[in-house]
Every structure is written in structure tokens, then in C-alpha cells.
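Protein chains: 4
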Amino acid sequence: MIKVGIVGGTGYTGVELLRLLAAHPQVSLQVITSRADAGMPVSQMFPSLRGFVGLEFSHPDHACLEQCDVVFFATPNGIAMRQVRALLDAGVKVIDLAADFRLQDIATWEKWYGMNHACPDLVAEAVYGLPEVNRAQIKVARLVANPGCYPTAVQLGFIPLLEAGVIATDSLIADAKSGVSGAGRKAEISSLFAEAGDNFKAYGVAGHRHLPEIKQGLARVKNSEVGLTFVPHLTPLIRGIHATLYGKLTREIDLQALFEERYQHEPFVDVMPAGSLPETRSVRGSNRCRIAVHRPQGGDTVVVLSVIDNLVKGAAGQAVQNMNIMFGLPETTALNIVPLLP
Amino acid sequence: MIKVGIVGGTGYTGVELLRLLAAHPQVSLQVITSRADAGMPVSQMFPSLRGFVGLEFSHPDHACLEQCDVVFFATPNGIAMRQVRALLDAGVKVIDLAADFRLQDIATWEKWYGMNHACPDLVAEAVYGLPEVNRAQIKVARLVANPGCYPTAVQLGFIPLLEAGVIATDSLIADAKSGVSGAGRKAEISSLFAEAGDNFKAYGVAGHRHLPEIKQGLARVKNSEVGLTFVPHLTPLIRGIHATLYGKLTREIDLQALFEERYQHEPFVDVMPAGSLPETRSVRGSNRCRIAVHRPQGGDTVVVLSVIDNLVKGAAGQAVQNMNIMFGLPETTALNIVPLLP
Amino acid sequence: MIKVGIVGGTGYTGVELLRLLAAHPQVSLQVITSRADAGMPVSQMFPSLRGFVGLEFSHPDHACLEQCDVVFFATPNGIAMRQVRALLDAGVKVIDLAADFRLQDIATWEKWYGMNHACPDLVAEAVYGLPEVNRAQIKVARLVANPGCYPTAVQLGFIPLLEAGVIATDSLIADAKSGVSGAGRKAEISSLFAEAGDNFKAYGVAGHRHLPEIKQGLARVKNSEVGLTFVPHLTPLIRGIHATLYGKLTREIDLQALFEERYQHEPFVDVMPAGSLPETRSVRGSNRCRIAVHRPQGGDTVVVLSVIDNLVKGAAGQAVQNMNIMFGLPETTALNIVPLLP
Amino acid sequence: MIKVGIVGGTGYTGVELLRLLAAHPQVSLQVITSRADAGMPVSQMFPSLRGFVGLEFSHPDHACLEQCDVVFFATPNGIAMRQVRALLDAGVKVIDLAADFRLQDIATWEKWYGMNHACPDLVAEAVYGLPEVNRAQIKVARLVANPGCYPTAVQLGFIPLLEAGVIATDSLIADAKSGVSGAGRKAEISSLFAEAGDNFKAYGVAGHRHLPEIKQGLARVKNSEVGLTFVPHLTPLIRGIHATLYGKLTREIDLQALFEERYQHEPFVDVMPAGSLPETRSVRGSNRCRIAVHRPQGGDTVVVLSVIDNLVKGAAGQAVQNMNIMFGLPETTALNIVPLLP
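Chains as they are written, first to last, in the numbering used here: chain A, 18 to 359; chain B, 18 to 359; chain C, 18 to 359; chain D, 18 to 359.
Worth flagging that the hints you see were computed from the coordinates, not collected in a lab.
Here a beta-carbon is modelled for each residue, glycine too, at the ideal position from N, C-alpha and C.
Just so you know, not all the hints are guaranteed correct.
Below, in silico cross-link-like pairs of lysine-lysine (BS3-like), each with a Cα-Cα straight-line distance of 25 Å or less [said to hold, decoys possible]:
1) A:K218 to A:K239
2) C:K203 to D:K203
3) C:K232 to B:K265
4) C:K203 to B:K265
5) D:K239 to A:K218
6) C:K265 to B:K20
7) B:K128 to B:K232
8) A:K265 to D:K265
9) B:K218 to C:K218
10) A:K265 to D:K232
11) B:K265 to C:K239
12) B:K265 to A:K218
13) D:K239 to A:K265
14) A:K203 to B:K232
15) D:K265 to A:K239
16) A:K232 to D:K265
Stretch-level coverage of chain D by chain B, calculated; a stretch enters the list once three of its residues show a Cβ under 8 Å from a Cβ in chain B [what the hints assert, rightly or not]:
17) 62–68
18) 284–296
Have a look at the derived ranges for each label pair, beta carbon to beta carbon [as the list claims (entries may be wrong)]:
19) A:Q281 to C:A55: 25 to 33 Å
20) C:M57 to D:A274: 49 to 57 Å
21) C:Q314 to B:L266: 22 to 30 Å
22) D:Q314 to B:A103: 50 to 58 Å
Here chain A stands alone, though its shape is the one from the complex (with noise of 0.2 Å):
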């Protein structure tokens, strides 16, 4: 069994790890942290789990973690620099679900976050847990940087375009629409029901932290820099990413099989028949990521559709695929859920 602990627990990203962790045949859920709610059992702050989880939210400074095969950093961006280190000398492999160890530029990363990064020496040792991208680098890591939401849903998005090199790299635009859990379960009036219901709007317009994490994934692929524009919306779901991608084709190429053929070994990404439209809801819960490709009338406009579950695919899901990689297990054990529709 492996030994897991989570760091801040009391997030949505904490509990949907809870709900996968719980039902995962390899893991043994060790301690779960919240310095706010320590002594509180998980299942009343969330009665989802009551009967699945017996354990109790621990004080992050009794909480042992080094006693743990892995550790979720399941916390707000900051906290996991200042800890991680410690846990990966006592040999603990580390997954962190915030975006510390995302930017592989330490400038860019402290410019969009704000602060002064803690350990610049492991950001370059982490690797980017886009199992689609990175499997091998993932099965040998000690410390694995969770992609972001829309991170995730842009990147299976453009990946293969650009992989083939049929796609003007200057000019790519990623419309996205999130559900409001992607905001986090967070006091903030913006996220009210009364404020975010019925109601439709984009956001960060000027600039998301998630752009330079996409074009830091885009750029790879080439080994160039890639002109993005990320225009991210609010949208009245409680869980679901919706990714509408527009590219300009540069020669002719059959998509469908483009897209059917990079992704045709992946388990959690699903290429739909030429012509479907993919519902965020038909991959509610999952770690599916389901795409279409389009190219309306005929003309040198690729559109990809992309849709996940931002809180599986785009977070917990995706991390424990990243520790089932890590550990050795078959890459969709736990996660082999049917959605949940209607």
C-alpha cells in the first residue's frame, strides 16, 4: 500500500483527491492537513465522505508527512516551495497540485506570482506532470508539478497541431469557459451564486497566470516561442472546462487522423468522431479529456473543442495518474470512472 498524505485538505482540489484517493485499492490515506481546521474530521466538513473517510484534519506541524510515500500539495501557490524540500531528502515523492514548480523560468514565474521563489534548484528538477507529454519523466521523478486547468485543456488541444507543424505558431487562440469550482472554495463575493449565477463574463483578459504555464508547454514542442492570445471566461457550471482553440492551417492534412493517431495509446483522452461537439458534462468526475476537431466551411480555420473536468483531469484526477505513473501501477487505476450525466 502507498503511504499518502495531503497538504491542505480543505480546498475543493483536497476533497476530490479524497474522493479518488478513498476508493484507490493501492493507497492508504495516512493524514490530511488544515491548520484552520485541525481536529475536524474531513467527513463533516464535506458529509460527501462520511462513511469513505474516518480521518481527522491534522495540524500541518504534527502531521508527520515524511512518513509518507507521497505527498498532495493540494494548498494555495507559495506554500509548497517552502516545504518540499524537506519531504524529498526524508524520500518522499512529491506531487504539488499549485503552480510552484510549474514555470521553468524562475523570472517569469515570480513576475505573474508575486513573490520570490524559495528554491529555484527544484523547479529545475521538477517535471510537469502532462502524462500525455512527459510519461517517462513522470515515472522517474521525485517531484512532479500538476498542471493547471486550462493548462491541461489547451495544451491536448494544440499539442498535436503543433507537433505536426501544420499551424501558424503566431497567431493561436484559446477561448476558454470554467466552471466557478475553478475559483477554488473560496470566500470571495465574485463567486457567490447570487454573483456568478446566471451570469456570463471574461476575465483576466489583460493576463492569467495560466498563459505563460501554455506557452511554456506550446513552445516545447518546437522549441520556439508561440504567440498566444487566452482569453479565459466564467461560466455558470460548477465543474468543467471548456476549451475553444483556433488555429490557421499552413497546409493541408487529414485532422481527424492527426488527432486520432497522437492520442490513440492515451487512456484519458478521448478523440471523438469528426463532426461531435464534446459537453463539458460527459466528462463530469472523470479524468477524461474528450477533443473534436473542426475546420468550418472548408476554410484554413482549424477549431478545436476540448473539454475536462477542471478539478480530475485538470487537477486531482490528473494528479494521482501522475502517482499510479510514479508508483509503478497500472495509469488508470482509481480512475476509471464513468462520468456522471445527467
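Given chain A, work out where chains B, C and D should sit, using these hints.
Just chains B, C and D, lined up with the frame of chain A:
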């Protein structure tokens, strides 16, 4: 023109007052206070008001409220009671949308609201602003306590039955459901879209502050205590209250005729035809209460269905109705709004 | 492996059966019928099932259902009663998720469902599939009438009180609220997003088909009629039922202990701690019923709050639970699902 | 008083016309037709209109529409074109809220709408009712083709850029999101609450009927074809369209000033301050279009955000605006409505 001031304009009752007063032909909006947002244009916080409200939020200390003809308090409980006396002394009429003046029994108020009352003598003077019951007193009042949202929906549904003396008063049941805006524009986790959305729950079963207010209102009818079980629920609506009321009939009566006669001259209470099932959206954005009365299977249980928009008839609209009455205007001025459906 | 057939697989109970059965380790899905969509891959209608269900819809005339071990009817009322006899004669067990076999009194059934019953003798044989009441009979049944969604939530809430004989049985009140999926996957204006969204209403106040079913279930406890007022409401949820139940206590009792003892061995009934307020989302996607019992202000009215997922414990999940019992499997097989929250 | 008739009053544009016209001081509502519901009081179908609209639905054959001054068609496509000539001949002005007269090219219309056009000569006469472009022609028109919802939001966002000639016209992208009321009050499975709720998807990617309408409108600006990729999405809103528009800048310009100048005299187009992020709810129930223009990271991609209420500025409100213009009334009569927020 009536010079109007609003204390505490940044919540949902505040913006709703602004929506209604901006279209009121006899009102000149003078001042809106907000300690935290002084200096910000009101329409920056609420873009829906762009083009309608040119004011900025004023700091409460420099608001010159005593130059108004009437001041609305759209503040948390416990604020109005500290400021009302000075305004009344300056000849300003006051309508409090919070609970400070709703309960005549000071001990009861202090128990439910957890603080000492600052001006018990003014409580004695205050008129409970339910026009369908107290129109004459409101007309001459200096200080009106605007009713709570649940109390409005529940009292209007029970009053005809109690006045006619046709139901047992020891075992009334009010099963009420409210939209999330009823919790106010406050950053609380329980009101988040991802918490309150696609979810339904009861709350305050052990005791809710609107219970003593409702009991006081119903007791007045017959000058005797009533026994009431009140269970409020949170439902994924933005606006709307639906009260389902149960009582035991003690004698035969034509229920439909009883309700129609009671409310025949009321501009804002619509007794629907027999068999109707009022929807909350049929009053969305309007000051109407729609009521239907049923007697399932011809038994001795009467079921009353009563719907209001919690922000209008349950708050700001009723406050404007009270203002109209206090200033001798036609009662429907600025309130004859067609509900927004769908 | 249990060979399973489903008649009528295109509605919400159908797709929910598929979700649960696709993950059932002892089930081999043989056939799913749909007259209108014969030949279409199931996963084309429900993309959530892509990768999990490879079957196509079969035309009912060529479905070879008699080769199954068990057949689920997820059909409109009145279909199963015409087909069940032949299946039973062929040795196939049947679980009907519609209402054809729920009411033992044929005249009552014919009145509420507006048609003649095709096989009254099989009604007499059928077992009402509420395991918490009828587990032993279900174990040996050939034909199980799966309970309705409201009846499940309401009966589980009232039964401990009735069995203990501590409430007046002449004036029970069940104020129930259902998500819109309860209306089925049918093209009806009243179920449109723009009609049912941001709206709340009662319906069926004059009489709902689940009323006689609930009354039958409650009457069985004491072998005597109960007086029940049942008011269902439509609330803007996708899934979920919240029943708020009211009864008059006739003698003192420890209500919390009563409920805990009654359900201590039930795998799918969770009696929550005293003071709890169960949320519908705490059972989303799961077969659990969560219950809390209250006695507001220590008065003589008991309030029971009971929540289920109408498509799981209220339909498909309970049907699988019944199948597990009928085939001697552990009752929780394929049903020990962590609810999806948020 | 202007005598008004409405053909097809049972859909969402019909009830919205009634909401607006019931409050119009110069309008006398004469007749509303519905073949299926003739004889039913309008307020029975739409209880929101109780107390405001006393009419019953009339059978189209006995509607005496030719005695009206103006007739609105709120009908499915293909109805108005068969009835308009007789009305025009009788001296009645006509505003068609459907698509019959929107496309000047008959072959294009017949291709996209799948039927032969009944009166191509009247198409030539019809004026496209976008006041911000065609106000002078609308003033003298007998027949106005009211624009589609998406075309209104998209054209108002692109027009300033095209008129100024500052973006490449061969690669425009319009990523648009609509609330579900845009699909009409039709019993369709895809519009059910349990289908469209908590779900997000693109549709019509291969081709949507509003594409040729938008292209026609944009081409008129420069008398030359534009290249446009238009991807509409369905989002779980009741009302609202959010169009996110992308174009490539071809020369430097002060975008904020450009938009402000273009719309400075338009009563219903609100250019928001630089950096704004318009929300759909900020125009809920109102005839306003709110627009913000962005240039992310100072690059050469301009992003325009344009929001309208699809049932008001996108349908009924714009129709009333056109009526006001056609009859020489102040353009904002009955349309100066404060949006409903929250």
C-alpha cells in the same frame, strides 16, 4: 421631489433600492453611503446602473443624511438603531430594511440578535411596514420597520385564515424556500456558486431569526400566541421565496373566496385562480406576492402557496411601497413593474 | 456473470443503470432496447459512456431478453406489465423501475395511472423493492417493483417514527423537493432550462401518483391507514430529492437513538449526527439516503430531513441494490460510490 | 396611440414583446395570435403578465391584423413571408423578428433556411433593423427585418474596427456564448434543464444560420467580403449573449477612443471604460449592449467583449426600438429599463 438617502448601498437590498428609485418620478437620490467604498462611483460596483445612477458612494461621516426627506437603512442588523434618533430629531423619516425595529419585545430581540438594543423607546414608536396590515399607521409613521422576506411571504399567506378563525393556531407549519440572494452580498463559503448551486438543503431548523417575527405578526391578528414550526431551505435560485404553508381547518369555508375578498383591494397581492401553482419567476423583479390556496383531496389540511421576490416585496420594493404611503404618493408609483420571465 | 438486459435505455434511469452496471464486476450487459433508436451506439446518445459501453440499442422485437438472467424495465408506466409474464415464464427475473407493480390495490392503481392493469395476478406476486423494509422477500422474488423516488425518501424518513408508534398517523406532512431530472428525459416545455431554471414551484398539490404509493408503504407498518398531505415541488437541481417531513409526537422518545438503531445495519441509510442538515449534493451520484431528525424548540413537532439522489437511491441504484440481493451478491457491489461534491 | 398586433405570442420573444409593450405609453395592444392556444388568456400562459395584459390569444384567421398600425411577427422562420404582403397593402407596418427578410441574397437565404422564399421583392424592400447602422432607412421603412441575437452582438462589436479599417478582414473570429432561451420555448430534449444545466458545449460549428447574416452585415461596411469563423456555444444562462471577438490589428489606433466616438450618440450601446469586463447580467432585461475593447499584452490581436440580453437587444427590445423609430417616437420610449441585478 423627495430627497432620498441610502445608508449601506453595497448589498443586494441596496442595489435593488437603487434600481427602483432610479425610475421613481418623485425621487431625487441624494446620497448613498459605504464606509469601505467611499469615492467609488456606484455604477462601477454595479455596472447594471451605468446610465441610471451617477452618484458615488459617500463616507458615512460626511453624508449629510439629515438633509434628506427620507433615509433607507440597507445595513446589517444593529446599525440603524444607533443612527435613527438623530435623523428623526432632524425631521427625517426612516425606513429600516434590517431587523432593528421589527420585534416589539426587546428581550426577544436581544436574545435572537445577540446584542443590546440601543433605543427601545423607538422600537415602541416604530411601525411594522406590512402595508396589507398596517397601512394606516405607516401613513403617519416617522419610523418604519420593513419586514423580513420570509415573514412577508408567510404572513400574507396565513393572515386570511387567521383573521377568519378557520385554522387551528397551535400547529401551523411554514416550509419556506429561498433563493441565495437572501443571504446577502457577503463573502461566505456557504453562498458560493459551487456550494449552493445544484444543491438543496434546510437550514436554521433549530431556530431562525424570522421565526419570532412571524409569530409576532400572526399573534397580533387574534391577540394570542400561535404555535408555528418554521423550516427555511436554501434553493439554487438567485431571487425568490416560495412559502408552502400548512394548517388544520377547524370549520368549513370557501377558501378561495376568503382569500380573494381579503386581498381584493391590495395592489400587490394577487390571489390566483383556484388550482393555481404560483412560480417564483412570475414575480421576479416585481413587488407582487402571488398566492394560491389548496385543500388536497378535500381533507382538513389547507395548503397555501405564497411567492415573492425576496429582494422586492421581501425587501426593497416593500420599502419603496412604504415610502410611497408615508409621502402620500400613489402606492404603486415606480413599482408597477412587469416581472421578468423567463 | 449475471446476464443483464435493459428495456428502454434512452431515459435518465436507463443511462444511470448503464453507468452503474458498466462498473459492476458480476454483470455482463447483454442488450439494451430502444424502439426509436435501434442501431445507434449507446455511447453516441450518451457520450459519457464512450469507452465503457460498447453496445448498440436493439429493437425490442429482436432483443432476446429471455436469454438474460435479469431484465430491468426503465420504461414509461404501462409497458412492463405487458412483457413481464413471458420473461418470468422463461425464468428471467425482472426489476421494474416504473410503477406497474408498485400498488397492490388494482383499483387504486388503475385510478391513478389511468389504464387497465394487464396482469393483476403478477402484482400480487411482486415484491416492493425497498430493501430496508422488504429485504427477505426481495431475496426470493422473481419480480421486484422498484419504488418511486419520492416514496423512497419519504418512507425512509417516516418509518422509524411509525414503527415506534410515536407520532400521530392522521396528519403527516411531506413537503418534498425534486430536481428536474425527476421529470425524465422527455421533451416537455415545463422541463426546459429557461422554464425550470431560476424558478421554484409546487406541483401536483391536488394529487400526485406517489401519494398512494407512500400511503401504502406507511400503512403497512401498522396495518392501518395514515393521513398524509404530500406536496412535491420542482427545484432547479439536476439531481436530488429533499423531503422535509412533519409529524406530531405523541410521546417522549430519544429521536436520535431511534433513528440510529433502526438503520444501524443498513449500508445505504446514513443517520447523521443530531443537528445535521443534509444536503442533496452529499449523496449526488450515490445510493445513499442521508437523514437527520429534529425537534425544533423542543416542541411536539418532529421534523425529519431526508435526502437521496433521485436517479440512484430513487431509481437505478436501488434497482441494482435489489439485483444484488436477488442474486446473493454483497448488497453494496458496484454501489459503494463516493458522492460527487462539489 | 399606436395599434399593435403580434403574430405568434407564445414564445419567448412573444412574451418579451408583451412585457415591453405593456409598459409602453403610446401603444395599444390590439391582438395576439396563437393557432394552438386561441381563446386562452395570455396571462394564463404567462402568469407574470397577470394584471398587465388582459387579452386572450386570437386565432390567426380572425385576428383583424390589418386594422393595426404595426404588426410584429414573433413566429418561426417562413411564416411572416406569407402574410406580410397583405398587411403592407393594407397600410400596416411590419417588423419581423424571424429571419425571413434578413438576407438580401435570396439564394443564400434559401440554402440556409431550406425553403423557397415567398416574396423576394419584399426582401429587396426590407430594411435590416440595426438602428446603429440603418437608423435613417428604418425611419421610413414599411418592413423591418429585426436582426438575430448573435448578429446584433457580433456586428456592434466589429463595426467600429471595420469602419476604421484597422483590422484584417480575412480572419475574423467570433466566439459567442448564448443562454438557453435563445433556443426558444420549444419542447426539445437538448434544451431541458437536466441537459443544458451544469453543461457547456459548442454547436453549429460546421455552419450556423447567423453566419451569413453576420457576414452580410460586416461586408456592407466596406462593400467587400469578410472572412469570419463563428463558433456559437450554449451556456447555462437563461438570458444573455457574450460575444468574444478577435481580430488582427493592421495599424496603430486608440481603440478606446475609436469605440467611444463611434457610439457616443447611441442610447443603447455602452462603451465601458478601458479594462472593463462586461457581464451578461449587467444588461439583463434591458435593451443595452455593453462593449469593452482590449489589446492583451499590447500585441496585435484586438479582443472585443460584447454583451446583450438575447431577448431584448437581441430580439424584442430591438423590435420596439425599431417601432419607436418608425413612428417618430423618442427612441428610448419604454426601453429605458434598469437591468435586473442580481
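Practice item. Any hints from earlier that this structure breaks? Give me their numbers in increasing order, please. Key: 1, 4, 5, 6, 12 and 14
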